[in-house]
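If you read the sequences in order, they're chains A and B. Counting from 373, one number per residue, gives the positions in the first sequence under our numbering. Counting from 373, one number per residue, gives the positions in the second sequence under our numbering.
A few of these clues could be false.
Intra- or inter-copy, both count: the list cannot distinguish identical chains.
[As the list claims (entries may be wrong)] Mimicking DSSO-like on lysine-lysine, the simulated pairs with C-alpha atoms at most 30 Å apart in a straight line are: (1) Lys479 <-> Lys468; (2) Lys479 <-> Lys516; (3) Lys479 <-> Lys615; (4) Lys619 <-> Lys459; (5) Lys614 <-> Lys422; (6) Lys589 <-> Lys459; (7) Lys614 <-> Lys589; (8) Lys479 <-> Lys619; (9) Lys459 <-> Lys615; (10) Lys568 <-> Lys527; (11) Lys424 <-> Lys614; (12) Lys479 <-> Lys589; (13) Lys490 <-> Lys479; (14) Lys599 <-> Lys507; (15) Lys479 <-> Lys614; (16) Lys499 <-> Lys479; (17) Lys568 <-> Lys552; (18) Lys614 <-> Lys459.
Honestly, the hints are just simulated from the structure, not real lab data.
Here is what each chain is made of, one letter per residue.
Number of protein chains: 2
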Amino acid sequence: MSVQSFELLILGSSAATPTANRNPTAQLLNIAERFFLIDCGEGTQMQMRKYKARFQSINHVFISHLHGDHFYGLPGFLASMHLLGRKNELTIYGPKELEEIINLLHKHSDTYLNYPLKFVYTQNLTKQLIFEDEKVEVYSLPLKHRIATTGYLFKEKPLPRNIDKYKLEKLNVSFAEIHKLKLGLDAIDNNGNTIKNIDLTIDPPNSRSYAFCSDTKFFEELAQDIKDVDLLYHESTFLEEKKDRAKQTFHSTAKQAAEMAVLANTKKLLLGHFSARYGNLEEFLNEAKSIYPNTELATEGQLFSL
Amino acid sequence: MSVQSFELLILGSSAATPTANRNPTAQLLNIAERFFLIDCGEGTQMQMRKYKARFQSINHVFISHLHGDHFYGLPGFLASMHLLGRKNELTIYGPKELEEIINLLHKHSDTYLNYPLKFVYTQNLTKQLIFEDEKVEVYSLPLKHRIATTGYLFKEKPLPRNIDKYKLEKLNVSFAEIHKLKLGLDAIDNNGNTIKNIDLTIDPPNSRSYAFCSDTKFFEELAQDIKDVDLLYHESTFLEEKKDRAKQTFHSTAKQAAEMAVLANTKKLLLGHFSARYGNLEEFLNEAKSIYPNTELATEGQLFSL
Numbered sequence: 373m374s375v376q377s378f379e380l381l382i383l384g385s386s387a388a389t390p391t392a393n394r395n396p397t398a399q400l401l402n403i404a405e406r407f408f409l410i411d412c413g414e415g416t417q418m419q420m421r422k423y424k425a426r427f428q429s430i431n432h433v434f435i436s437h438l439h440g441d442h443f444y445g446l447p448g449f450l451a452s453m454h455l456l457g458r459k460n461e462l463t464i465y466g467p468k469e470l471e472e473i474i475n476l477l478h479k480h481s482d483t484y485l486n487y488p489l490k491f492v493y494t495q496n497l498t499k500q501l502i503f504e505d506e507k508v509e510v511y512s513l514p515l516k517h518r519i520a521t522t523g524y525l526f527k528e529k530p531l532p533r534n535i536d537k538y539k540l541e542k543l544n545v546s547f548a549e550i551h552k553l554k555l556g557l558d559a560i561d562n563n564g565n566t567i568k569n570i571d572l573t574i575d576p577p578n579s580r581s582y583a584f585c586s587d588t589k590f591f592e593e594l595a596q597d598i599k600d601v602d603l604l605y606h607e608s609t610f611l612e613e614k615k616d617r618a619k620q621t622f623h624s625t626a627k628q629a630a631e632m633a634v635l636a637n638t639k640k641l642l643l644g645h646f647s648a649r650y651g652n653l654e655e656f657l658n659e660a661k662s663i664y665p666n667t668e669l670a671t672e673g674q675l676f677s678l
Numbered sequence: 373m374s375v376q377s378f379e380l381l382i383l384g385s386s387a388a389t390p391t392a393n394r395n396p397t398a399q400l401l402n403i404a405e406r407f408f409l410i411d412c413g414e415g416t417q418m419q420m421r422k423y424k425a426r427f428q429s430i431n432h433v434f435i436s437h438l439h440g441d442h443f444y445g446l447p448g449f450l451a452s453m454h455l456l457g458r459k460n461e462l463t464i465y466g467p468k469e470l471e472e473i474i475n476l477l478h479k480h481s482d483t484y485l486n487y488p489l490k491f492v493y494t495q496n497l498t499k500q501l502i503f504e505d506e507k508v509e510v511y512s513l514p515l516k517h518r519i520a521t522t523g524y525l526f527k528e529k530p531l532p533r534n535i536d537k538y539k540l541e542k543l544n545v546s547f548a549e550i551h552k553l554k555l556g557l558d559a560i561d562n563n564g565n566t567i568k569n570i571d572l573t574i575d576p577p578n579s580r581s582y583a584f585c586s587d588t589k590f591f592e593e594l595a596q597d598i599k600d601v602d603l604l605y606h607e608s609t610f611l612e613e614k615k616d617r618a619k620q621t622f623h624s625t626a627k628q629a630a631e632m633a634v635l636a637n638t639k640k641l642l643l644g645h646f647s648a649r650y651g652n653l654e655e656f657l658n659e660a661k662s663i664y665p666n667t668e669l670a671t672e673g674q675l676f677s678l
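Build out the structure end to end from the sequences listed, making use of the hints.
Here it is as structure tokens:
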């Protein structure tokens, strides 16, 4: 278990029309105290209050596409951040038309945000690195939906090597030299002797990754872009009995989501974006588990820690 | 008590930023089975589900102004009506820029609604009749806020006269002649005798009215436009202690709302649009009641029947 956090909070699990219990798509991912909001359907800010999410800690918002159930909560979220005193820059990743929409809303409400808003435009032609800092990388992924849509892949960068404390105690090494060991370099002890990195360190935990894939029809090529991901969220708007409806609307079934989890060699699958026609979601779980056992439902308030 | 319904359901009582318990502004008014949605803040469609409001019965939506907390729920509401199979025309009353916003959202999501959407533009210069049918009239009212804003006044048309059934039983009158009596005309009985309307009918109940006034600063001239209204909803974003803040932001205090209720000679006052800074709303009630006793809080789920 890593000391660095890697947690996903589900804020909405519904497809296009919300139900009494299910909100449209939104998720909050925390990697190493970077808070990434992924999609922002109507009511997301209320869901964040309900689940006591850290509102102002979010500096990056990722919008998959411009169907309303994936971003109609964004304008209100931006306004509330402003009214609650935000000063820090916020970056929005999404289709370039989103900037036009936000600008028009702000123009007609005579709104001038108190914080800088930056847009990074996504394209859905190739996998692209769109964010990077010292601990995390984020890629956009082309999906296949009725309008231009991207998924997102969040990856921890390789964690620093762990020092073997028992062995270190027996040596006489300065802090500066210990830092070199953490970076994977050899060090020199206070007697001038070289310490080989391999002799004093142990491998760090594996870097973890999360792929968000909504909305999309099933297509095999996606598996290459998310190969070996630890946690996969894949939309399952329908059950397999509505396979034709899924195909027609460029959505997926629970069975297809499970097939993608197998193809991509993921460690765990989350299902979401359930059509309002389904009251009981157990059938989604059963259908997917028959193909890929390590499956869970990504429903409101669920927290998944890696 | 009239047999014709006149009911107001509160869907949201919050000012600009929603809280854990308070949603942004939205109200559903039912006069004689005409369902009027008044403002449509973020999450209104979920609130309608929560309170089992008749979603598809709404044919008229009135938007006061283009601050997000009064209409960010509208695009999702329009989309859900479409997805749930609506075919009937829907009319939206509001600033003309609202049509530009909705059109842009539909363009970028490649949305073509299955039902006709009609816009009626409001202006905030004079009181104007904007809707009328055989039972109801709706007027827009100029308010004074930071951007162009209108209130709305909903009025029953005069109800038909009631026939005095005991007197009617003793006479011999055809159905056609009874209908004339209901309309206030004289009738002729089957013997050819004239029956004076006043002798066979009693006055109908008074026509009822509701005024929605949000958002606005206090200004005396408003009282003329809503004179003698039965039910007044007047925003009270702040308590009197924040009078300066109210003035600066073109909002009202609970005291000012009560003063308007007195000036306009209304029968009942509802307070709403409470700033998120206030947890306990009892102080709003106390402040207003000291000036105008028949005051209530318009909080989520409350139903007010006239």
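Cross-check of the supplied hints:
Proximity of Lys479 and Lys468 under a CA criterion of 30 Å is satisfied in both settings, with 17 Å inside one chain copy and 13 Å between copies. Taking CA atoms no more than 30 Å apart as the test, Lys479 paired with Lys516 passes between copies only; the shortest distance there is 19 Å, against 33 Å inside one copy. For a Cα distance limit of 30 Å, the shortest separation of Lys479 from Lys615 across copies, 28 Å, qualifies, whereas the shortest one inside one copy, 43 Å, does not. Taking the closest pair of Cα atoms, Lys619 and Lys459 come within 30 Å of each other only across two copies (25 Å); inside a single copy the shortest separation is 44 Å, beyond that limit.
Only between protomers do Lys614 and Lys422 lie at most 30 Å apart by alpha-carbon distance; the minimum there is 28 Å, versus 33 Å within a single protomer. When the C-alpha separation of Lys589 and Lys459 is checked against a cutoff of 30 Å, the pair qualifies only between copies, where the shortest distance is 28 Å, while the shortest distance within a copy is 39 Å. With identical chains, the CA atoms of Lys614 and Lys589 are at most 30 Å apart within one copy only, with a shortest distance of 13 Å there and 54 Å across copies. For the identical chains of this complex, Lys479 and Lys619 are inter-copy neighbours only, at 23 Å across copies versus 39 Å inside a copy, given an alpha-carbon limit of 30 Å.
Taking the closest pair of Cα atoms, Lys459 and Lys615 come within 30 Å of each other only across two copies (26 Å); inside a single copy the shortest separation is 47 Å, beyond that limit. Proximity of Lys568 and Lys527 under a CA criterion of 30 Å is satisfied intra-copy only: 29 Å inside one chain copy versus 87 Å between copies. When the C-alpha separation of Lys424 and Lys614 is checked against a cutoff of 30 Å, the pair qualifies only between copies, where the shortest distance is 28 Å, while the shortest distance within a copy is 36 Å. With identical chains, the CA atoms of Lys479 and Lys589 are at most 30 Å apart between copies only, with a shortest distance of 22 Å across copies and 36 Å within one.
For the homomeric pair Lys490 and Lys479, the shortest alpha-carbon distances inside one copy (17 Å) and between copies (23 Å) are both at most 30 Å. Taking the closest pair of Cα atoms, Lys599 and Lys507 come within 30 Å of each other only inside a single copy of the chain (20 Å); across copies the shortest separation is 64 Å, beyond that limit. With identical chains, the CA atoms of Lys479 and Lys614 are at most 30 Å apart between copies only, with a shortest distance of 28 Å across copies and 43 Å within one. Taking the closest pair of Cα atoms, Lys499 and Lys479 come within 30 Å of each other only across two copies (26 Å); inside a single copy the shortest separation is 33 Å, beyond that limit.
Taking CA atoms no more than 30 Å apart as the test, Lys568 paired with Lys552 passes inside one copy only; the shortest distance there is 11 Å, against 107 Å between copies. Taking the closest pair of Cα atoms, Lys614 and Lys459 come within 30 Å of each other only across two copies (24 Å); inside a single copy the shortest separation is 47 Å, beyond that limit.
In summary, this structure violates none of the numbered hints.
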